[in-house]
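Keeping the supplied structure of chain X fixed, place chain D upon it in accordance with the hints.
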Amino acid sequence: MSLISKTALAILIILVLCSVFAPVLTPYDPLKIDLDNLKEPPSLKHPFGTDNKGRDILSRVLYGGRYSVGIALVAGIISVCIGLAVGLMSGYYGGRIDMAVMMFVDLILSFPSLLLAIGISVIFPPGIFTVVIAIAAVGWSSFARLIRGHVLSLKESPYIDAARTIGCSDARIIIRHIFPNCLPLSLVVLGLKLGGYLLTESALSFLGLGAQPPMPTWGSMISLNRVYILSSPWMVVFAGGAIFIATVCFNIAGDALRDKMDYTIK
Amino acid sequence: MPGDPVLSLVGERASPETIEHIKEQIGTDKNFLSQFAGYVGLLMRGDLGRSYYTQRDVARDVIEKFPNTIKLAVTAMLIAVPAGIVLSVISARCYVSGTNKKRFLGEFISLISIGGISLPVFWIGLILMYIFSLYLKWLPPSGTGDLSFLILPAVTLSLPACASIARVSRTIILEIIGQPFIKTARAKGLKERAIMFRHVLKNAMIPLVTIIGLDFGSYLNGAVLTETIFGWDGIGRFTMEGIIKRDYPVVMGCLLIGTTVFVLINIIVDILYHYLDPRVRIGESYK
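Those protein sequence lines, which keep their order, are chains X and D.
Using my numbering, the first residue of the first sequence is number 1, and each one after it goes up by one.
Using my numbering, the first residue of the second sequence is number 267, and each one after it goes up by one.
These are calculated hints, taken from the structure and not from any lab test.
As the structure is a prediction and not an experimental result, all values here were calculated from the model.
Check each hint, because a few of them may be wrong.
What the hints assert, rightly or not - BS3-like, lysine-lysine: derived pairs with alpha carbons at most 25 Å apart: (1) Lys449/D to Lys468/D; (2) Lys260/X to Lys6/X; (3) Lys468/D to Lys39/X; (4) Lys6/X to Lys368/D; (5) Lys45/X to Lys32/X; (6) Lys6/X to Lys367/D; (7) Lys368/D to Lys457/D; (8) Lys468/D to Lys454/D; (9) Lys454/D to Lys367/D.
What the hints assert, rightly or not - Per the computed footprint, the stretches of chain X lying under chain D, defined by three or more beta-carbons under 8 Å from a beta-carbon of chain D, are: (10) 99 to 112; (11) 226 to 236; (12) 247 to 254.
We treat Cβ as the ideally placed atom computed from N, Cα and C, and that holds for glycine.
Here chain X stands alone, though its shape is the one from the complex (with noise of 0.2 Å):
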């Protein structure tokens, strides 16, 4: 692993350790307004500055990570699991489910991600759970695609013939026996997609289709306070600058991963 990645896997752990022990870390309530201490410049009180109710920008920071990383991860874990289940029934067992769950594949994929997600969140009232919807409703498709092209050649390997010949039972060899082969690979493709799925989210909740106010996230933040960007760069900065570095630290850290795992996948 070289110097860079070492770096960012870093920054994401002290990022991910900031916002579960927020709490600890800050002094102030993230949602607790204050109106003697309105668009205070960032100063030793608040290094982040405050917002225009007088919230303390760090602490908003810091609790809007749980949100926006959070929904990133659930958002993820549930695309992949859809894109194993899928992925392996329709590999394993090939023929016209195969043919048409690929189809349905196609048809998702040949959308453009963001708008499609913007479509999904429309549907339902706006909130957490749209997002995580919206994120995994388009997500899991590349991963079932990536699992069934995997599963297609685990499937010609002589263990699984072997292990026919023994009389297991499909459901053994897909769980027992393919199941785990696709694993390091579905963990690394959710590497690469993380940061993907941060951006989404946060320009999701930027658009208003996210968690809704008073609940911070790095994307709602900055466009509810965008419009003060002349008065107050800060109220904007420190937000968008968390979704940078925590993405770029994903990024870093997916590819190092798939490095290591030795995977050749874009």
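Frame of chain X; chain D shown alone:
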């Protein structure tokens, strides 16, 4: 249906009679299936319905705004493609030449490209707007108009695209450089520059065109955000306004047009192969 369009149209305190009347007018009193059938019927006639708010023909609005989005996307592409390819060529050459200093430059460029694909478009847009139009006052912050209005949104939109092109193109170039015919070209004494342009880039064109074509989808994605921030009067902002006002005919129309364009571009890319790569043509004659 959440965010009932009727309620957002007349407000929460409207009398029940008004709500009933509006419901009847825009047709949300009918059940889901008949609404859907009605919409498909409209589509068949090339009609996207009318906006709940302005009562304007959605199809006509989309046609009016579409050239603006294309203008933005094409400008962004004109920035992203050359910049991305130049970055990738530099980074690939640094990687091949063994000196430490150049390797460092190469690493640095790949780090920048990872940074580029990780940029939240709406955030970098706001930062650029702050620096160039509010602080330096060089460019107008928002609006639709001549070139000066176009620069900021186009640059914003091009940054992630440029980075993704640079990343992919670097991998492609490195792959080609490792092949025997490049060794041949070197052996017969061609200059590095000639090898890069004549042999490497020419062969890199096919995968590159695919990536650039597929990236057009991300321009459409990014356009929703960029246009909203910079007040650029295109499809993206139109979609966003529709979403906020629960103006479903507008949202449906824009999503439909956006995805259609995306799919069309993919088809065009596939057709372009035919002209770019003689091997594809030879493959056809075998059939």
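Each hint, compared with the structure:
In summary, the hint linking lysine 449/D to lysine 468/D is supported, as the alpha carbons are separated by about 16 Å, within the 25 Å threshold. In summary, the hint linking lysine 260/X to lysine 6/X is supported, as the alpha carbons are separated by about 13 Å, within the 25 Å threshold. Of the pairs offered as hints, the one joining lysine 468/D and lysine 39/X is violated, with about 55 Å between alpha carbons and a cut-off of 25 Å exceeded. Distance hint between lysine 6/X and lysine 368/D is fulfilled; the C-alpha atoms sit about 22 Å from each other, no more than 25 Å.
The hinted pair formed by lysine 45/X and lysine 32/X meets the criterion: a straight-line CA distance of about 16 Å does not exceed 25 Å. The suggested pairing of lysine 6/X with lysine 367/D holds, with an alpha-carbon distance near 21 Å, which does not exceed 25 Å. Restraint check for lysine 368/D and lysine 457/D: satisfied, since their Cα atoms lie roughly 19 Å apart, inside the 25 Å limit. Proximity of lysine 468/D to lysine 454/D is assessed by CA-CA distance (about 19 Å); at most 25 Å being required, the pair is judged to hold.
At roughly 29 Å between alpha-carbon atoms, lysine 454/D and lysine 367/D are farther apart than 25 Å, so this suggested pair is violated. Only when three residues or more bring their CB closer than 8 Å to a CB of chain D does the claim for the region 99 to 112 of chain X stand; here the count is 3, and the claim holds. Figure legend: the region 226 to 236 of chain X, annotated as covered by chain D; annotation consistent (5 residues with Cβ-Cβ distances under 8 Å, at least 3 required). Interface restraint, the region 247 to 254 of chain X with chain D: holds (5 residues with C-beta to C-beta distance below 8 Å; minimum three).
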